[in-house]
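Using the hints provided, position chains B and C relative to the given structure of chain A.
Below are the chains, spelled out letter by letter.
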Amino acid sequence: MAGISFTRRAALATAGTGIASAALIRARGAQAQGAPVKVGELNSYSRMAAFSVPYRNAIQLAVDGINRAGGVMGGRPLEFVFRDDGSTPGDAVRVAEDLLTREGCAFLAGTFLSNVGLAVADLANQRRRLFLATEPLTDALTMAQGNRYTFRLRPSTYMQTRMLTEAARGRTTRRWAIVAPNYEYGQSAAANFKRLITASIPGAEIVAEQYPALGRVDAGATVGALAQARPDGIFNVLFGPDLTAFVREGNTRGLFERRFVLSLLTGEPEYMIPLGDETPEGWIVTGYPWEQITDGPHKAFIDAYRARFNDTPRKGSLLGYVTAQVVANLLNKANSIDSEVLVDAFKDLRTDTVVGNVTMRGIDQQGTMGTWVGETVLRGRNGAMRNVRYADGADFMFPEAEVRAARRS
Amino acid sequence: MTLLSVERLNKKFGGVVAANDVTFALAAGEMLAIIGPNGAGKSTTFNMVGGQLRPDTGRVVLAGQDITGQPPRQICRMGVGRTFQVAQTFLSMSVAGNVQMALIAHHGRTRDVVADAAALYRAEALALLARVGMDGEADRPIGELAYGDVKRVELAIALAAAPRLLLMDEPTAGMAPRERAALMKLTADIARGSGIGVLFTEHDMDAVFAHADRILVLVRGEVIAEGTPEQVRANPEVQRVYLGTSGHKAALRARRAAHG
Amino acid sequence: MDIGFIVVQSLSGLASASALFIIASGLTLVFGVTRIVNFAHGSFYMLGAYIAVTVVPWLLEIDRSPTLFFVGVLISAIAVGVLGVLMELLLLRRLYKVPELFQLLATFGVVLMVQDAVLKIWGPVDIPGPRAPGLRHGVEILGQRFPAYELFLIVIGPAVLGLLWLLMHRTRFGILIRAATRDREMVGALGVNQAMLFTGTLFLGAALAGLGGALQIPRVSASSQMDLSIITEAFVVTVIGGMGSVPGAFLAAVLIGQLQAFGVLVFPKITLVLVFLLMAVVLVVKPWGLLGRPEAAAGRAALPEGILSIRAFGVPERIIAGLAIAAMLAVPVFGDTYMVKVATEVLIFALAAFSLNFLVGNGGIVSFGHAAYFGLGAYAAGLLVTKGGLPMEPALVAAPIAGAAFAALFGFFVVRLSGIYLAMLTLAFAQIAYAVCFQWVEVTGGDNGVVGVWPSAWASSRHVYHYVVAICAILAIIALRRVVYAPFGATLRAARDSEQRADAIGIDVRTHRWLAFTLAGGAAGLAGGLYAFSKGSIDPTLLAIPLSVDFLAMILLGGIQTVMGAVAGAAAFHTIKDIFMPLTDFWRFLLGASIIALVLIFPRGLGGAFAALRGRA
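Chains as they are written, first to last, in the UniProt record's numbering: chain A, 1 to 409; chain B, 1 to 260; chain C, 1 to 617.
Same shape as in the complex, but just chain A:
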């Protein structure tokens, strides 16, 4: 059946070339020999293309390099099978089954949205197959709903929020306003912030909260409501089109004047590029200032990426590259595609990546990949970050006691 279905798809792909350009791209190396080791990668390639396409590009770049260097597990080529997850849990779970059964993938990786990530994680647990969640940020993935088969690479909402609140240490900003998109990521970032800010600034209080619907911010009303509370500081979780609208409205109305702003993800090129010359200065943000990387393997990755795709790297690109590096290391270490062996090998696995050492902490199966924290600044007509430092995820993990309390298994 699988053969027939492949022919069907191939035929359709030929018919639909042009639109279907990126369809069945499979990175296959020449140097590596033998049957490829397949990893099923599902992600929101259609709906979240701004993030996921650079991510996929970087994985291809990395996989080509790995296969040129001899592949994995003693010479077998590494192959990622990319699929759209449909951006809903229902579709994603079906696609995941397809990857595991028809495509014969050794394990699953990817997903963008938190609810999709959680559904696939639970499927992985049910089917006893490894799942490396790369992008979903929700804390639940490694905490309350964590399971033996699910690992996460990217720093979670908690970790990134904590990076920001610790960057605020020593400030005297007492009155805080929160603005966050009205869904899990926004709500849990807000909850983490409320919990963590008092550790950095004793006596800090929340004086206003706004939760505009994702993608539908009514910027004028939101900015008005925030300003009315007269906060000294603002914690922003908005991103994408909501962020642009919010920043423009806030700039015109003077919301950010003489206010200290902490903002999640705003320094990532995905979200900073659209801000352009409206990028507000002096915000403390997490992000990816790739142009300030000047040497080492990371610089080599950036150069190779720019040369091959004729585009600047995004945060997604970096994540994709690190994903491939971690996956290759895992396969080499486990030297098996048996799920249980893979899971055991993955616990506390150290990988030397372009961002340095990344360890998958055994207790919550959360990676120690970090991110950059810095201050926004306007350079010409574009936003940038200054006073940047790499915040190693290892320093911002959930305390072990909390992990033990949260994880049932």
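Honestly, I wouldn't trust all of these hints.
The calculated BS3-like cross-link candidates involving lysine-lysine, where the alpha carbons are at most 27 Å apart (straight line), are [what the hints assert, rightly or not]:
#	chain 1	residue 1	chain 2	residue 2
1	C	Lys577	A	Lys38
2	B	Lys12	C	Lys286
3	A	Lys194	C	Lys269
Have a look at the derived ranges for each label pair, beta carbon to beta carbon [unchecked claim]:
#	chain 1	residue 1	chain 2	residue 2	range
4	A	Glu166	C	Gly143	34 to 42 Å
5	A	Arg350	C	Glu140	53 to 61 Å
6	C	Ala312	B	Gly174	34 to 42 Å
7	C	Ala330	A	Thr312	48 to 56 Å
8	B	Val114	C	Gly322	17 to 25 Å
9	A	Arg389	C	His463	48 to 56 Å
10	C	Pro391	A	Asp348	33 to 41 Å
11	C	Leu475	B	Asn38	57 to 65 Å
12	B	Ala28	C	Thr511	29 to 37 Å
13	C	Val397	A	Ala406	31 to 39 Å
14	C	Met196	B	Ala119	45 to 53 Å
15	A	Arg128	C	Val397	28 to 36 Å
Treat the hints as calculated values from the structure; they're not laboratory data.
By construction, the Cβ of each residue, glycine as well, lies at the ideal position given by its N, Cα and C atoms.
Just chains B and C now, with coordinates in the frame of chain A:
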């Protein structure tokens, strides 16, 4: 014996008086026509009896029971069948299906989720269709019928509820003259044969004077005359405000045609 | 709260209202004249924004003058208007003769295609537009700073309203639009060139959407998701105002703008659901919106859109049904596990679609929110298993009960309305249910949902579970089909064909519709419960608009005029999606194109095509 008694019905729309103390009675087996110029309040009166409109004041009593302001479905259950100015049928169903549907409703089985609707009350439906001369078309979609035939089927639908009273709003509107006479004769025969009272409005004076036992003349919401066709025809006020001389002649002609 | 703040917050609301009105006015005009529920209106808005962020900077290169900015905005609006004309000429014109719901489906296909076309042309990254020269600054109002551009927007809404009023009352074209809005048949009877009128209206409607999008570029960046975020709100505005009423749309937009501006102060999390709450309240109180008028009863008798002839299965139908059931039961024996998974889902969707067609095709009750009952069934089952600690079996009993209970609750209000207003009220209730599941994090897990909804041990293999689903779904479909053929089903068709006649033969139309709504909700709830266990999780997408639209697409593809069409439609739709999704990132484009192709080739759906084939044979 009085079947329907309408007592001092009043209805206003905004400032316009559509019915002013309208009072009349109807006996079983009797055919009572309401006539009047456009806007005289015929349809208003009619709809207050049928339940489509609620009167401001006044009473409608059917066989001793007050039915004022009841919804049409309730009035139907009390034994009132009705046809409409523009025939209302179930277009997706066959001729027999339409009548069967009415029988299903009459027998209170509309919530039955098990039986086969297509087989239910089929014989009874065919019998009703036979009474209106439409049993030959039983299995045709009703949308295919000529309009006059649709009107006959509508009569059969109304009869399915075994009514004591039939309300017919302009029964012959939109029909060819020959069809009109036939339909009115059919109605009159059924009414007299089964002792059903018939209340109808009509523009066609031929039909009215040929078949009505009594006539009620409404002008601007008020009953200005009531009586047998002869009495109404002879009423000078009716002649003046409504019938006119030509109408008078037409009335005579129709009477002769029906009885001569 | 000081007065300055209240004034400025209210001005913010007015600015949003203006923008919303411009978009909604186009939608309401198009609906009034063509009676098409144009889903693609949001796509026109998005295209307006994208064209503007392309054209305006180019013009501003020549000279940074306010004039050129607005020239660019107007060019974008006209360009979108031309695209609207193209859609009318190439697509809608071929569809005026097919049932209205098919036109809706076709415009939904356009939405999918435009989404991917935009991604292809402009790329996935949001594109911020330039600010309007001369209107960049803030204006001091009572001690608060307010953007000058928004003051301008506040003026432009009423200006558009005024211009539209002049157009409608002072030009022949406008008078025809009003006549057509009031009575479509009359225009045909007057010998007006209907094609030209429709083309002109589409131009005007699309251009207004494009104008709305282009005017937004100084405030929001152009992104590929702005179409769907605006379309529901635009629908809400037109419905609250009364479909076809431009002043009504203005009133509704102002109302929504103010509610939003001040609502967020009191309930910061109400943003998801506010407009739908308002719509539900308005429709319950005023069934035709604020300034709308009841649909004029059709002057002539027209065949209803829906199931027409109820024929018992003949030999070919029996063979096909038998084969389909046999195939579904044989899948675990011959197919691989993935195929089993897909077959399980097809069965579940077939049941959900069948229950929807029970309402739409059989009862003439068009529900835009059927996923609500599917999702509530899934939630009932999922929460009982994960939070209640019950096994699968009682949870699967609870799913249809929950679906039916909520359908009974919402249906009580829904059946009081008719037509498009009824459809929009179902949508509003679905959105409210969605928002509750989304926001009641402690119980429902918010948008993350709840995982761990797996079948009991004996049914945990995909093959066994497939049989569980097959038995439940097939039996439920057979039972519902029986109801269609039973007096209750006939009564619903009777009420659909002629409410007046049904009433006159003693049928309590509302009660029967309410019971039907409840029954369909129960069946959808069962489907939802089965779905939850097949996926292992529940989350708010199970109640969301896209799934409701999918269900509609399934029954329309299958053909709402046949009893079994919904089942074929579910299978076809799911298969198309399953083929295209792995094929390309641009699968939505192909899905949209196939929907349009199917609508054009089989304007009565697959079931209709089969019936025609049988009729000829």
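Okay, the hints, checked on the actual structure:
| no. | hint | result |
| --- | --- | --- |
| 1 | Lys577/C with Lys38/A | holds (24 Å) |
| 2 | Lys12/B with Lys286/C | holds (23 Å) |
| 3 | Lys194/A with Lys269/C | holds (17 Å) |
| 4 | Glu166/A with Gly143/C: 34 to 42 Å | holds (37 Å) |
| 5 | Arg350/A with Glu140/C: 53 to 61 Å | holds (59 Å) |
| 6 | Ala312/C with Gly174/B: 34 to 42 Å | holds (35 Å) |
| 7 | Ala330/C with Thr312/A: 48 to 56 Å | holds (54 Å) |
| 8 | Val114/B with Gly322/C: 17 to 25 Å | holds (23 Å) |
| 9 | Arg389/A with His463/C: 48 to 56 Å | holds (54 Å) |
| 10 | Pro391/C with Asp348/A: 33 to 41 Å | holds (37 Å) |
| 11 | Leu475/C with Asn38/B: 57 to 65 Å | holds (58 Å) |
| 12 | Ala28/B with Thr511/C: 29 to 37 Å | holds (32 Å) |
| 13 | Val397/C with Ala406/A: 31 to 39 Å | holds (33 Å) |
| 14 | Met196/C with Ala119/B: 45 to 53 Å | holds (52 Å) |
| 15 | Arg128/A with Val397/C: 28 to 36 Å | holds (30 Å) |
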